[in-house]
Amino acid sequence: MSALSLSHVRAAYDARMVLDDASAQFLRGKVTGIVGPNGAGKTTLLRVALGLLPHESGDVQVLERSLKDCSREWLARSIAYLPQESAVQWPMLVNRIVALGRLPYGPRDGGAAAIADAMARCDVSQFESRRLNELSAGERARVLLARALATQAPILLVDEPAAHLDPAHQLQLMELLRAEAARGVAVAITLHDLSLASRFCDEIVVLRNGHVAGQGAPEEVLSDAALAQVFGIAAKRLDGNIVPWSRV
Amino acid sequence: MDSKIFRFEKEPPSPPLRGRGQGEGASPPARDFPPHPSRADAVASAPLKGEREVRYLFERHALTIALAILALALATISFVIGPAQIGISDLFGGLFGDHGTATIIAREIRLPRALLALVVGGALGASGAALQGLFRNPLADPGVTGVTSSAGFGAVIAMYFGFAAINPLILPASAIAGAVATSTILYFLSRAGAERTALILAGAAIASLATAMTALAMSLAPNPYAMSEMIRWMMGSLKDSTLADFELAVVPVVVGVAILWSAARSLDALTLGEEAAQSLGVNVHGVRRRVVIGVALATGAATAAAGAVSFVGLVVPHLLRPFYAYEPARLIIPSALGGAALVTAADIAVRVIAPDGQLLVGVMTAMIGAPFFVWLILRMRREAI
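Protein sequences, first through last, are from chains A and B.
Final position of the first sequence in numbering that gives the first Met the number 0 is 247; the numbers increase by one with none missing.
Final position of the second sequence in numbering that gives the first Met the number 0 is 384; the numbers increase by one with none missing.
If you're looking for bench data, these hints aren't it; they were derived computationally from the structure.
Watch out, some of these pointers could steer you wrong.
Simulated coverage check for chain B against chain A, where a stretch passes if three residues somewhere in it have a Cβ under 8 Å from a Cβ of chain A [stated by the list, open to error]:
1) 259–268
2) 274–283
3) 289–301
Glycine residues also receive a C-beta, built at the ideal position from the N, C-alpha and C atoms.
Using the sequences and the hints, build the whole thing.
Below is the structure:
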């Protein structure tokens, strides 16, 4: 069974429809990539799954419970979310930022082990007592991922993990997300980079104008025809991975 | 010199990147993520870490206690300073027993003024810290955002149109209503996604409007008044404070600061942004409501008693923040104590500089605060804090 599933979801900002009859499944142990052109509804899909944007119709199931029946605390322990614009306003200490991931467990949480574990996995233990603004962009991205991992939620949603990172850090972050999936977490990420999507994702959800144009393995869903139709591009393929090449 | 422009050093072969489906079945589970060499260093430096934690704990509370002691010490100095030449022993004797004139001066002039300075400063300091945390904006402060001016407007309406004569509680209530109105506007602006510059500009507009309306209300008020009264409301003053002023202010301020303190833990999560905070189970709307109500209660009651004292909530949290590891939650109570100390110090300063009582405490805080505000903007542009 899927850890997170959306079926026939409709959602709107004010009067503007942003998701229309969208259905998608996110499985435990898999990295699912959500791809689509700008404005296709990728981030909206994540926001609906988190309950940040209420859906008008359809159903969202989180660990086989309907989203509407879930308490705020239970949901916060079940889904960890890393938004794209992950700026931190105050230059707090790295270990304090990671510790915020334990907030869903209340003030009496003894989550020191979870915090240390998340920092070790993201390779930021050595920054423990540093302030966030002293770190590079790639290091900051890892600290913020560690914050999300410290929650130890069975579902992890990440909005554009690769944006604003250099290639080495992009690869490192994708590896970390794959490692999470290998631990049994259902990982869902939105991606613009189709190379990373085709290479690191087990499943791809293709969004187009708020509709799900397809879900499946990358080689099935990201066919030449689909790339031309959804993204308006032709791609070259390198070991089965996509390199966007020209506009069509 | 090496003729090559780039020289790649030979690195130890790194394990191959694992993409999708590449040896996932065969390789050990990623739970055994390769340990970074620095983990070994971390173990070696373990005693040092313990030492640091002790220091951390000490720093955590030492400064807060020191601020409390400082505020009380300044309040004591404030109590013994004044135009009437009375010995310290007579003053303290007068406070607890009947010493004639000394008792009247101690109980009805000096004590209310010293206590009210603590309450007003505490309210403004805590409000500033909470607003900065909520709006994630180091420029936010009840004065800059127009909350104090609106509270002053509310107080003036109650005072000069005779409502306060009906029931003394109407004065703070009206000031709190003014503060609620402005903080609600700020709440909706921030909810609508106003950027931090936009919020401050909107606050500046509200502040000017409230000040203008205060002037208008005083021009239209049925009973005559002195110009100096108007300036007193607009700038803030602790002169001629009574014990009744203090009694009316202290309850809403304490309740307001307690509400702000109850929202503090959520302010830490808000540093990650609203959506991330919500995903961590924080009721962001609830936090906003609590901060708006807490700030309105504290600032409104303080302004009803002392007029619109400005910039305290801006300066104090900013100075204290580095000592509290930039954590918004930990800043609320120290800012209250620091604000109490600052307003008391400013109130001592105005009496030392101008014993005739012509200098208002709000003039003093503005003279410190306004240059600080400009400096802060320049620093923000440079460091993007």
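Okay, the hints, checked on the actual structure:
1. 259–268: holds (count 3)
2. 274–283: holds (count 8)
3. 289–301: violated (count 0)
Hint violations for this structure: number 3 only, all remaining hints satisfied.
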